[in-house]
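J.: What follows is each chain in one-letter form.
Number of protein chains: 2
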Amino acid sequence: MGRWEPNARGRLAQAALELYAEQGFDRTTVAEITARAGLTERTFFRHFADKREVLFYGTEMAKDLLVRVVAEAPAAATPMDAVGSALEAVAAVFEENPERVRLRDAVVSAHAELRERELGKLAGLAEALADALRGRGTPEPAASLAAEAGIAVFKVAFARWIGEPDRADLPGILRASMAELGTAFAARASV
Amino acid sequence: MGRWEPNARGRLAQAALELYAEQGFDRTTVAEITARAGLTERTFFRHFADKREVLFYGTEMAKDLLVRVVAEAPAAATPMDAVGSALEAVAAVFEENPERVRLRDAVVSAHAELRERELGKLAGLAEALADALRGRGTPEPAASLAAEAGIAVFKVAFARWIGEPDRADLPGILRASMAELGTAFAARASV
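If you read the protein sequences in the order shown, they are chains A and B.
Position 53, counted from 1, in the first sequence is what numbering that gives the first Met the number 0 calls 52; the numbers after and before it change by one each time, with no gaps.
Position 8, counted from 1, in the second sequence is what numbering that gives the first Met the number 0 calls 7; the numbers after and before it change by one each time, with no gaps.
Only true hints are included.
35 Å max Cα-Cα, derived DSBU-like pairs, lysine-lysine:
no.	chain 1	residue 1	chain 2	residue 2
1	A	K120	B	K50
2	B	K154	A	K120
3	B	K120	A	K50
4	A	K154	A	K120
5	B	K62	A	K120
6	A	K62	B	K120
7	B	K120	A	K154
8	A	K154	B	K62
One-sided excerpt, in silico: chain A residues whose CB lies under 8 Å from chain B:
no.	residue
9	A148
10	R159
11	A185
To be clear, the hints were calculated from the coordinates, so they are not data collected in a lab.
Quick reminder that beta carbons are idealized off the backbone N, C-alpha and C, glycines included.
All chains should be built: construct the whole structure from the sequences, respecting the hints.
T.: Okay, here's the thing in structure tokens:
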């Protein structure tokens, strides 16, 4: 990545998201994206495998962050605590550029194939979380249960955040949702 | 559906699963499926929209069952109890023909596109569960949290069941997994 293209990846992603939102994902070409970003197609393909991956490269960054926070959680942290901290760290990143996150969500939500791709990526995040928990000694099935439940809570918290554009506190919504699910489990009769 | 084709749907599904497992999903044609089942293509398309739907018609039946059990749960049942009962009912259906469930899982797991389709169907089950909970008065986000967490637990329990062919008790594994996740939430420090 040359120094003569400052933040090429970010400019390409922003141009792509705007075009997908304006005219649809299917109708947008890489040529249009690079024209709007003022960059070449060669630069585009240095950063992204195809126009779909523009929507999902953030997931790989989220995965790295989740794994790192779980690995660095205090030894005394329970699996659910470690997962909660990791998801809050991702939520905090989302808050750095909420407009872009909302724009991306609108594009993905409008397209059945992209929605299924998103679910596949979320399943990959759960697997990475479970793997990180096993790496710090959490046995199965506790590791997979904490990881899958954490991603489930994140999905619900994220949908609430999307539905309330004025309430820009995804980490707070996530924490409250995690506590509410804990209460729901504690209230069960059939334990 | 004519009376002269007893259990046509089941025969077609069994023939399709066998062929998908033997020679791959992509390489199998509807003509091969109907030949093995001893039925016509016209009959096939009366039961299934395409060869992919053979793998997913069970999901619609699972959805109906989940919704019915949640709707009929006692008024005093908590959301997690209602979800647990509904998922156990589906697990019990799986135990009626575990070989077919395992064969289907092997086919879907071997194929990236089918795996993503499966995740989309699971997301649809979570939405139906949340909808059924709201129908009995559970507010949001409690309804979505219980539904998504329930599906998360089902995923983990199902994977354990698949991994332990000798231990054919999916309802039991599901119940134990639900209890274990409750314990994990109760052990959290950051409540």
